[in-house]
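Student: The lines below spell out each chain.
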Amino acid sequence: MAFAEATETIERRSGLRTVLARVSVAPLIVKMAMAWLILVLFIAVTAHWIMPYDYQQTALLSRLLPPGATGPAGDFHILGTDHLGRDLLSRLFSSIQLTMLVAVFGTVFGAIVGSCIGFVAARFRGWVDDIIMVLVDFQASMPFVIIALSVIAVMGTGNMLLFILLVGFQGWERYARISRGMTLSAVNHGYAASIRLLGAGTMRVYLRHILPNILAALVVQVSINFPETVILETSMSFLGVGIQPPNTSLGNLLSYGRDYLLNAWWIAGVPGCAIFFTTLSMSVVGDWLRDELDPTTSSRA
Amino acid sequence: MTGFVIRKILRTLFTLFLVVTFVFFVLRLTGDPVSAMMPDDTDPAILDELRKQWGLDRPLGIQYVEYWRNLFQGDFGNAYRDGRPALEIVAERIPATLKLTLTAFAFIVIAGFPLGIVAAVKRGTAIDRGIMTISVTGFSLPNFFLGILLIFLLSVTFRLLPAYGSDHWYNLIMPVITLGTAGAAVIARFVRSSMLEVLNSPYIRACRARGMTEREIIWTVALPNASIPTITILGFMVGTIIGGSIVTETVFAWPGIGRLLIDAVTSRELAVVQTVVMMTAASMVFANLAVDLLYLVIDPRRRYASGTGEQ
Amino acid sequence: MPDFAKETDPGRAMPLAISNLTVSLGVGEGRIAVVEDVSMQVRPGEILGLVGESGSGKSVTCLAALGLLGSGWQTDGEIRLARTRIAGSMSEKALSSVRGLEAAMVFQDASASLNPIQRIGKQLTETVARLRKVGRGEAREIALDLLRRVEMPDPEERFYSYPFQLSGGQNQRVMIAVALAGRPELLFADEPTTALDVTVQSQILELIKSLRDETKMGVVFVSHDLGVVKEVCDSVAVMYAGRIVEAGSVDRVMNSPRHPYTMGLIESMPTLSGHIPDGIEGQVPSPLNRPPGCAFAPRCGRARERCRKELPIGSSDEKQSKDYVACFFPLTGDLTRAVNSEPVVRSKVANAGGEDALLELKGAACDYGTRRGLFRAISGVTLSMQKGGSLAVIGESGSGKSTIGKLMLGIEPTSEGTARFNGRPVPILGTKDHIEFTRSVQLVPQNPYLSLDPRAAIGSQIEEPLEIHGIGTRQERRTRKFELLEAVGLHPSLSDRYPHEVSGGQCQRVVIARALALRPQVLICNEATASLDVSVQARIIELLRDLHGSHNLSIVFITHDLRLARSLCDRVAVMRSGQLVELGETTATFEDPQHPYTRQLLASIPDVEAEHDQSREIAQ
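Residue numbers (my numbering), protein chains in the order written: chain A, 19 to 319; chain B, 9 to 319; chain C, 9 to 628.
To be clear, the hints were calculated from the coordinates, so they are not data collected in a lab. Ideal Cβ placement from N, Cα and C applies to all residues, glycine included. Among the hints, erroneous ones may be present.
Said to hold, decoys possible - Restraint-style ranges between C-beta atoms, simulated for each label pair: (1) 301(B) <-> 151(A): 17 to 23 Å; (2) 143(A) <-> 29(B): 20 to 26 Å; (3) 290(C) <-> 42(A): 32 to 38 Å.
To be verified - Below 30 Å or equal to it, Euclidean Cα-Cα: the simulated DSSO-like pairs (lysine-lysine) are: (4) 330(C) <-> 317(C); (5) 130(B) <-> 49(A); (6) 130(B) <-> 101(C); (7) 130(C) <-> 141(C); (8) 130(C) <-> 130(B).
Please work from the sequences and hints to get the whole structure.
Tutor: This is how it looks when you write it as structure tokens:
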């Protein structure tokens, strides 16, 4: 409607100040989600300095202590201890660190690889595009966890780098689809075509014009992909085919807790809630981000 | 239209071919299955013997052809532990998994659609916000945590349902909720946005202008139009459910394929793993084919336009 | 079945009477009035034209009359349909019992206004059954009859078609049939022909007129095209910034407009006689910042101090009357425009073709590859343009006119024949030679928003061609940027803005500035003004004319609008179904068209100047 154009607010995007201004008017729930994510990242970075005990140190006398309890040796445990008497808070910090490590590196890796594949498909078209699209379709028609499991079955568990790459690979086909689709639509009927008619070469069109334009869509995809990566990693660790002891991820913690639901719910509850709040926060922030970055909705009152 | 159907079927077969090729190469190229399977201190002579016995010493091309021939004969290899055919081991787990996944699928549709419709119709109200909050919570809850939460609440705390078992209908309740919640949340969200998009379209305004009531518009115009794109998401759901069933079956000790797969991965029963992967891929690929064909049935635009091509 | 021949009773109620209608968006302090204090009536059998640029509030007025605005909107004042008073407090249910029966509506985009997944016959039958409360079988008969009434070709067959299988014009016929289903006393037609080709447009206009004659329903015809309004309407209301600024009979308003805005609109219309449009400077103010006095004052040449302070509104008596102007200093006297003035001679037209042609197509054909094989877009086209010339390529959609532009720009290669520039073949996009070629030939595309990078500042985009071709230092490019902005009439401060922050007309100027950066010899304009409002359109044409004169620029103007072609170009080429049907000097072609298709095209154009001595049989 004509009115929508008329009331369109003039917005400028530039610099950190605008970002902060946007955040400051975000709904409370979004701010809370951001606060949680910042806390999680802080823990992930500083885990080794802030954990009260060694996360691997067992103490048979302090087994299955509830949260806030003090062990026989005068050791205080805010979140209690597990079945081997290890301090749950320390184990939680260590797990958050590893889970975030896998999620951040994996997501970045998958995003870069996937987007590049999409770019290549759109740039070269022809048989390169055909092959890439067949692979994308193939990937989209297989649950990723099945592929990950079959790779683990062959390569064996315990190789951390392989595991990070594997988990990160999840969702590559969606990055590829987005970057390919948006690049093609830009190349075919938009500004890119008219810039080519000014005599510009393809590299210029791709780097100077298309990349900045599709970056928003890729960022949104990262925000969708990140919680999925967290869930994939914790699921596989939970199933015993992901992170292996003595390293520990939130999924491992939860799987130990499963056996003690009857008398020590906190062993499963604490890591479960940590995962849940993290994925929930990421979804909330992602939704908000999507609305903010989408030019068709951001100008609406 | 027939051309379109044939193209889709050919594409399906081609994807299946890719799956088999993928499995073959992952299994043969990324490692030596014999040394992977046997304990590390096995006598090298025994390994060589095994390799010869399984034909692993022959050129790759011949192995690949051989592999296909075996598949066509229904030979997916044998489990090395008890020597039973892998296909047989997998087949006996199918009914339990089907029971779980089909019920979960029904749950997703039955819970997801009405929630999405109500949220769209009551957009902007507390009902809409409530449903969307549930939805966001739903797909942020990892299903292994949701499963444990259900056990803790329904079995441990209130003692309403047994935590394990698969013989009675009520054994299905917790696994189905665990498996279906995320999907139902996604569907509700998608149906809502799809409905909203349709409700904002010019033809809805035109329907109002010719005096159709809001109720008529929602049921006879908006819902049919909004349902069409949802089919794609339902197709994706098949994959989500299959993937999710692995965790769900493990949490509830459900005797299905998912748990079998985890056991096979940890004990490196490659024959069983490959059988499960292929069957999963086949069901996914056929689900996609079904989605494509379903589109032809319900969307006239595709039905008539499919001659010229792509979506 | 005498569905339409409703007994003509002289005491019939007024189909529409609106008084002091104000429509606003939002609540409380932040409420924004979009339509203010509007009054109008429509008698049975009358076609009222509601005219104005986009943003003037004409569509909102119509939607308000049917209660279609939805939540968030508030209406004050009185709206009366034939039997019912529409009030803001009416429930959806009460409203739906009125819609379609007392008043129906057809929209601009007919293809998008039909349920895409239901056959049109079914949609029509259901509407008939519901509105006339008849059984399925009877409804189906009536539906078929309605399709015949709207002159749908093969109605029995089309009955089973889906909207996507029909053309835009056919869908508009279906929409009109649907609107007639409830035998409404009033029809709102919101830009019903804007999206259609000229020949289809005139058929639909004829249809609306003949249905009005048949049914005696009142019609509110919303349009921005005064030519169309002049052809179909009995009376006119001109809206500006949410208010009616002038109303009266179509003859009075078109021949002696009294409001300066009406005058401006009429002046903006290119005419078949080669009138060069003036356009109106500036744009419609948004409802958020309407000026305190007369909303038109900032754009008005006659505005004085009083106009900026006081709001010119007539008394309520005056407003109810059918002749009304809201202006302190109205114009008087008849419109003095020489109908047959000599077209301005802009450049000498040499003989066509020959060795000295700047841009030339010889026996050119172009095939596009599709899944079904090759599709020949044009064939056997021979035409040429001299240095400093201007050529219009005219045709309806699908005629191949855009393909001609593509060949000239090297976007597509010729499949047969040749495309030459300066005697050398046009290089193809992507080859090395093409980069050099872009310095000589530039494109101004249809939609300026689509051709600018949404995430780059306007200034940097104007500089970009210079950067690409490595022309000048950073400082020189900067200077040139401001020169270009000035040349296209844009304020230098716009340099730091982004495309979505400026208006469509400004955006098109930016595109033109960018195209001029390399000092090209030829500018190819592909429907360059089609997406703009009339007044803006006129100013862009003026700009192109100036550039044509002062920069020794040759222009190829590809358009579906014959009037624009005439006002800009020396020579014209008429395309139909991929063939060139007529080529000649503009004046000669328009005055004495040789090909029957050209004649048909000329005849189907509503012209503000055409004498309307045709009988307007409003048989009362």
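Student: Verify the CB-CB distance for residue 301(B) and residue 151(A) against the hinted window 17 to 23 Å.
Tutor: holds, 21 Å
Student: Would the hint linking residue 130(B) and residue 101(C) be met if the CA-CA limit is 30 Å?
Tutor: This hinted pair holds, its Cα atoms lying about 17 Å apart.
Student: Does the structure keep residue 130(C) and residue 130(B) at a Cα separation of 30 Å or less?
Tutor: At roughly 29 Å apart (the allowed maximum being 30 Å), residue 130(B) and residue 130(C) satisfy the hint.
Student: Between residue 143(A) and residue 29(B), does the C-beta distance stay in 20 to 26 Å?
Tutor: For residue 29(B) against residue 143(A), whose Cβ atoms are near 25 Å apart, the range 20 to 26 Å holds.
Student: Please verify whether residue 130(C) and residue 141(C) have alpha carbons no more than 30 Å apart.
Tutor: Holds: residue 130(C) and residue 141(C) sit about 16 Å apart, inside 30 Å.
Student: Is residue 130(B) within 30 Å of residue 49(A), Cα to Cα?
Tutor: holds, 26 Å
Student: Would you say the C-beta atoms of residue 290(C) and residue 42(A) sit inside 32 to 38 Å of each other?
Tutor: The hinted range 32 to 38 Å holds for residue 290(C) and residue 42(A), with Cβ atoms some 36 Å apart.
Student: Do the alpha carbons of residue 330(C) and residue 317(C) lie within 30 Å of each other, as the hint requires?
Tutor: holds, 27 Å
Of the numbered hints listed earlier, not one is contradicted by the structure.
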